[in-house]
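Asker: Sequence:
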Amino acid sequence: MRKLLILLLFLPFIALFSQVENVVIQWSTDDNQHFFPHALYADGENTLPYISRKLPWSAVDMLPRVRVQVTESTHIEDYTSYGNNIEKIRTEPLIEYSLVNEARRSFVVIKVLPFRKSEAGQLERINSFQIILEEEPALAKLKANTSGEWRDQSVLASGNWYKIAVDFNGMHKLTYEQLQEIGLSNPASVRVYGRGTRLLPENFSKGYTDDLNSVPIHIYKGGDGLFGPGDHILFYALGPVEWSFDEESNTFVHNLHPYSRTGYYFITDSQGSPQAPEEADLSTEAASQVVNSYDYRTYVEDETYNLISSGRQWFGDYFNVNLEENYLLVVHGRIEGEPVKIRVRAAARSGSSSTFTVRANHDQVGALSIRATDLSHYTSIYAHETEDVFTYVPQTDNLTITIVYNRPGSNSEGWLNYITLNGRSELTLFEDQMPFRDSRSVGMGTTSEFRVGNMDNSKVIWDVTDPDQPQYIDYSLSGTTASFKVETSLQREFIAFDPGGDNFDTPRFSGEGLGVVPNQNLHGLQHPDMVILTPELFLEQAQRLAKHRTINDGMEVAVVLQQQVFNEFSSGVPDVSAIRNFMKMFYDRSAGESSYCRYLLLLGDGSFDNRGSAGKVNNPNLLLTYQSEESLSPTRSYVSDDFFGILDTDESMYDGLLDIGIGRLPVST
318 MRKLLILLLF LPFIALFSQV ENVVIQWSTD DNQHFFPHAL YADGENTLPY ISRKLPWSAV
378 DMLPRVRVQV TESTHIEDYT SYGNNIEKIR TEPLIEYSLV NEARRSFVVI KVLPFRKSEA
438 GQLERINSFQ IILEEEPALA KLKANTSGEW RDQSVLASGN WYKIAVDFNG MHKLTYEQLQ
498 EIGLSNPASV RVYGRGTRLL PENFSKGYTD DLNSVPIHIY KGGDGLFGPG DHILFYALGP
558 VEWSFDEESN TFVHNLHPYS RTGYYFITDS QGSPQAPEEA DLSTEAASQV VNSYDYRTYV
618 EDETYNLISS GRQWFGDYFN VNLEENYLLV VHGRIEGEPV KIRVRAAARS GSSSTFTVRA
678 NHDQVGALSI RATDLSHYTS IYAHETEDVF TYVPQTDNLT ITIVYNRPGS NSEGWLNYIT
738 LNGRSELTLF EDQMPFRDSR SVGMGTTSEF RVGNMDNSKV IWDVTDPDQP QYIDYSLSGT
798 TASFKVETSL QREFIAFDPG GDNFDTPRFS GEGLGVVPNQ NLHGLQHPDM VILTPELFLE
858 QAQRLAKHRT INDGMEVAVV LQQQVFNEFS SGVPDVSAIR NFMKMFYDRS AGESSYCRYL
918 LLLGDGSFDN RGSAGKVNNP NLLLTYQSEE SLSPTRSYVS DDFFGILDTD ESMYDGLLDI
978 GIGRLPVST
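Numbering (our numbering), first residue to last: 318 to 986.
Treat the hints as calculated values from the structure; they're not laboratory data.
Ideal Cβ positions, reconstructed from N, Cα and C, are used throughout, including at glycine.
Incorrect hints may have been included.
Below are the SDA-like pairs computed for lysine to any residue, each with C-alpha atoms no more than 20 Å apart in a straight line [claimed, not checked]: (1) K802 x P594; (2) K428 x E441; (3) K658 x E564.
Each pair of labels, with its calculated beta carbon distance range [what the hints assert, rightly or not]: (4) G726 x L975: 42 to 52 Å; (5) F485 x S686: 27 to 37 Å; (6) A603 x A908: 16 to 26 Å; (7) F826 x I393: 58 to 68 Å; (8) Q350 x K371: 22 to 32 Å; (9) T823 x Q712: 32 to 42 Å; (10) S795 x S445: 46 to 56 Å; (11) K864 x G500: 34 to 44 Å; (12) L975 x A908: 19 to 29 Å; (13) N643 x Y971: 37 to 47 Å; (14) E404 x S912: 24 to 34 Å; (15) L974 x Q712: 54 to 64 Å; (16) Y904 x G726: 52 to 62 Å; (17) A603 x D527: 21 to 31 Å.
From just these sequences and the hints, can you work out the full model?
Answerer: Structure (structure tokens):
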């Protein structure tokens, strides 16, 4: 699935810092194309013009948030020349923005698509608008490391460490017996480290993480108050799916990690006493609303086909001979009469336009229309895709979603990207754990009282809005209802659980890359001239090459295993940004050009299939590649190792310059 980098701009906010820029666009029209001076054409087909602004940013150590307020717009009668590109246009202007540095001054670079759709669905061009620039307090902590300061020692440098794997979001259980079995001599002193399968930001201005962090745990000691046989530890883990809220459709959307299906954590008994969660700050203000239901969300997405063997977007079921597929999704604790929203995204390759029909429990809820594809030239877009959100009121908790491809010809073919389902459920703890959130409670300056049913004094609620540091909720109990009040200007995420329950996911202790982790300390490396990144299979050859460079060129060469980089820079999870961040550590530590690491050599082959989704790439010598988000256009999709060498904080893959030399020896045996 392609993760959309475009943010919608009508978010609830707290204005701590505010700056307003008035923009007036001088439009011209020719052959039904609308344009203006100095327009940018970022959609790849030179049809939709964007307007760009660079505004100064003086809020130190804070990240920006940008909103757009339209002051004048004009209806467009004929927009056929824009073709399928109008799918990018929504009811509010779309924007991309990033925080950059220039001559030690900070700026926010903003790009706006100056079109919108009216409530009646008509296309409008925007003649004037205001850009409102504010602080984003919820994201400020993510920027803690943009100063270029890095730890000089990894926590993995000493002690006993064991690597485990998780596949889902939620509470996970480590039993006393498991901890003893893997050789941890002091289970009562176990600590958990890691960040799960959270995708690292590709843009430095979004912040970046350094080494492993300690994760708070809940220790269940049974009735004797001592941690021993029959007891267990619970911790909150992140699996390979991230969720975000889409203001346009009022639904949560999911994003699969492009490099791993698995999250990893590290456990040790050598780092002191276990970390308990801190207590969350609850509100004493009068509640604006009472919350006794929540947004339930689930999805279907199988990543099997990369249509042009390039890019990071993958598709699931193939519609060619078999033109109909059924998918079962369940809304646990569904509230009767509440509608569900079904988001479907699909692609088709056909010489004429085609459609997908969408049914829920045999009732047709809508259709996707996909434009024709030019089949005559190999440089044309291979397939077109679209998505839509359909509303349906189910009569049962179980929903069978049926997707039918209405193939117009024998050479037409289609692919499902994903289905996402959003519904409303009772805020009642029916099972051993229940993650919950409520988009309806979010609003500027609001305080919400959450009431959770089927609770007692033994059950626990955590605020996991920051999944790295969950906080304990000291709720009030009335009968079997737990209640607490929190400020909800921003989206909050919680989880309620029964610590004594049996039905918790258990991490995997064995398998490829799992088990005892030898001590390592890449953070302790000083200033090599060259880094050779290699899989373990080629370690001996990499060391021989390093010796050759040292003898013949006088270079100081560091030979580093790819997995070691992942362990220290992305919680053990494969991620191209971990390799880039590792190189940035040397860059930031250097006093000048003469002292920073100048070369990166990748010793190992690469593939578009970084995750082994096609089942063809599962060899231990594979090194990750940076793939473009574009995955349907043969002329705009690309692979590049340059990403690993764009190291300045104010640069990205799209506007940065290489700071080091990069090469790859694509060896496979």
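Asker: Does each hint hold? Answer for all of them.
Answerer: Structure-based check of all given hints:
no., hint, in the structure
1, K802 x P594, "holds, 18 Å"
2, K428 x E441, "holds, 18 Å"
3, K658 x E564, "holds, 13 Å"
4, G726 x L975: 42 to 52 Å, "holds, 47 Å"
5, F485 x S686: 27 to 37 Å, "holds, 35 Å"
6, A603 x A908: 16 to 26 Å, "violated, 56 Å"
7, F826 x I393: 58 to 68 Å, "holds, 60 Å"
8, Q350 x K371: 22 to 32 Å, "holds, 26 Å"
9, T823 x Q712: 32 to 42 Å, "holds, 36 Å"
10, S795 x S445: 46 to 56 Å, "holds, 53 Å"
11, K864 x G500: 34 to 44 Å, "holds, 35 Å"
12, L975 x A908: 19 to 29 Å, "holds, 20 Å"
13, N643 x Y971: 37 to 47 Å, "holds, 41 Å"
14, E404 x S912: 24 to 34 Å, "violated, 49 Å"
15, L974 x Q712: 54 to 64 Å, "holds, 59 Å"
16, Y904 x G726: 52 to 62 Å, "holds, 54 Å"
17, A603 x D527: 21 to 31 Å, "violated, 41 Å"
Of the numbered hints stated above, those contradicted by the structure are hints 6, 14 and 17, listed in ascending order.
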